[in-house]
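Here is what each chain is made of, one letter per residue.
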Amino acid sequence: MGLAKRIIPCLDVDRGRVVKGVKFVEIRDAGDPVEIARRYDQQGADELTFLDITASSDDRATMVHVVEQVASQVFIPLTVGGGIRTLDDVRRMLNAGADKVSINTAAIAQPEFVREAAERFGNQCIVVAIDAKAVHQQGETPRWEIFTHGGRRPTGIDAVAWAQRMNAYGAGEILLTSMDRDGTKRGFDLDLTRAISEAVSIPVIASGGVGTLDHLADGILLGKADAVLAASIFHFAEYSIEQAKRYLQTRGIEVRL
Amino acid sequence: MASSIAIIDYGMGNLRSVAKALEYVAPDARVRVTQHRHDILQADRVVFPGQGSIRDCLHELRRWNLVDVVREAALSKPFLGLCLGPQALLDFSEENGGMECLGVLPGRVVWFGELRDPATGERLKVPHMGWNQVHQLHQHPLWRGIPQDSRFYFVHSYYLQPADPTLAVGSTAYGFDFTSAIARHNIFAVQFHPEKSAQAGLRLLANFAEWNP
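Sequence order for the protein chains is A and B.
Under numbering that gives the first Met the number 0, the residue at position 11 of the first sequence is numbered 10, and the numbers go up by one with no gaps.
Under numbering that gives the first Met the number 0, the residue at position 59 of the second sequence is numbered 58, and the numbers go up by one with no gaps.
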């Protein structure tokens with residue numbers, strides 16, 4: 000027995016309400032973040048990740064309020080991502096009760112920001128989010144690049160090298176999303192996940208593409224992920240977190256039950 | 000009069016969750032996040048948290064002129080160390096090229112280094128991050144009501160190595176068994192984050208709020 004693999008539900012928050020994720024535009028029924036967070040906590044979620052997808056920066060203050068509310072009632076680790084660009088943004092979220100912040104675009108624009116944030120607030124609270132897409136042709140050596148803007152804009156940065164660099168800059172964890180798989184329900188990109196997980200010394204959270212409980216197990220067993228993140232399978236109550244954990248256990252994975 | 004709990008705020012990390020969790024389990028207690036010597040010395044109970052690096056932690060403690068207050072509280076009243084807190088209480092830490100710590104309890108703080116799972120041979124990630132089991136080595140009032148081998152949330156790259164093995168009250172396996180909780184007299188200190196450890200963590204904090212060593 001030892002460290003459990005983590006299951007992390009992800010909640011997309013728009014102007015203070017939970018929505019079902021940017022990919023599911025036609026079914027954006029909102030929910031109360033505190034209520035949903037509490038339900039996931041009761042089901043045994045190991046952590047919660049909130050992604051602020053609010054378009055206008057005027058509404059960012061709302062997210063701070065959401066984090067404050069959740070943190071005063073739910074006593075598991077909270078990660079907040081979306082629009083974290085300055086040390087002040089980091090400080091504001093941590094002070095509101097977040098345990099970690101997830102940095103994505105700002106890391107690409109200004110890699111030193113990750114180093115500064117890790118030095119100032121500690122590695123443990125800096126998660127670097129990587130959105131990657133396969134760029135190799137069939138038969139070639141697998142290669143993935145970082146994409147921004149929801150997977151639309153290539154950066155030319157190699158994903159594995161980038162993960163190693165962020166590791167060296169003091170990131171405490173990598174949140175890895177396959178933009179090829181995100182929203183497809185076809186499962187994680189396992190080759191990508193394994194390539195990154197084996198290249199870094201820090202934990203890797205796999206994300207993007209979960210449609211079944213087998214996908215979660217594969218991400219851990221084959222992708223070597225330390226944690227798995229999913230949104231829609233939990234939001235639509237296809238599976239509860241507890242069901243997911245019991246299933247992982249049958250696959251020989253250590254979980255917290 | 001309701002009991003008062005001071006959470007020492009010396010600029011190392013977010014203490015809001017610690018305060019919220021204590022308020023949640025001990026609604027009658029007066030919980031205060033404070034850097035004032037007077038508040039800490041007057042409080043019935045003291046929580047000594049910590050996050051980040053040990054160098055910054057010790058630097059900030061000195062800058063806020065709180066070293067002697069921490070020592071005093073650790074000798075005199077129910078005292079709960081969290082995460083970096085217990086590391087600072089020992090004699091020495093390997094972090095930041097080696098740092099002399101407060102020496103309230105005898106022992107060292109050691110880096111995990113390159114770890115492998117003894118069963119599978121797989122490389123283990125550092126920091127040790129996530130939910131791991133704590134084996135209660137002795138009975139203690141702060142373990143009351145918490146099932147043996149319950150899981151708590153950890154995030155750390157260095158671990159406690161008390162010089163006196165009887166200080167260890169909890170151990171956790173990560174490549175090997177390390178000490179995850181220490182206690183002596185009025186001090187109880189844990190490597191994990193009870194404020195982030197759901198039911199088990201809340202129970203530990205509730206026990207602390209009622210502890211009269």
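Don't read these hints as lab results, they were simulated from the structure.
Cβ atoms here follow ideal geometry from the backbone N, Cα and C, with glycine treated the same way.
Check before you lean on any hint, since a few could be wrong.
Here are a few chain A residues that sit away from chain B, every Cβ distance over 12 Å (derived from the structure) [what the hints assert, rightly or not]: (1) G30; (2) E34; (3) Q41; (4) V66; (5) E67; (6) Q72; (7) G96; (8) C124; (9) K132; (10) G138; (11) E139; (12) I201; (13) L212; (14) D217.
Rough simulated footprint, nothing fancy, chain B against chain A, three-plus residues with beta-carbon under 8 Å [stated by the list, open to error]: (15) 74–87; (16) 111–122.
Verification of the supplied hints:
1. G30: Fine: 21 Å to the nearest Cβ keeps G30(A) off the interface.
2. E34: For E34(A), whose nearest Cβ neighbour in chain B is about 17 Å away, the distance exceeds 12 Å, so it holds.
3. Q41: 9 Å, violated
4. V66: 10 Å, violated
5. E67: 8 Å, violated
6. Q72: 8 Å, violated
7. G96: Since the minimum Cβ distance to chain B is about 5 Å, G96(A) lies within 12 Å and the statement is violated.
8. C124: Its Cβ does come within 12 Å of chain B, the nearest being 8 Å, so this is violated.
9. K132: 25 Å, holds
10. G138: 30 Å, holds
11. E139: 28 Å, holds
12. I201: 6 Å, violated
13. L212: 19 Å, holds
14. D217: D217(A) clear of chain B: closest Cβ-Cβ about 17 Å, beyond 12 Å.
15. 74–87: Check passed, 3 qualifying residues.
16. 111–122: Since three or more residues must qualify, the claim that chain B covers the stretch 111–122 of chain A holds, with 3 doing so at under 8 Å.
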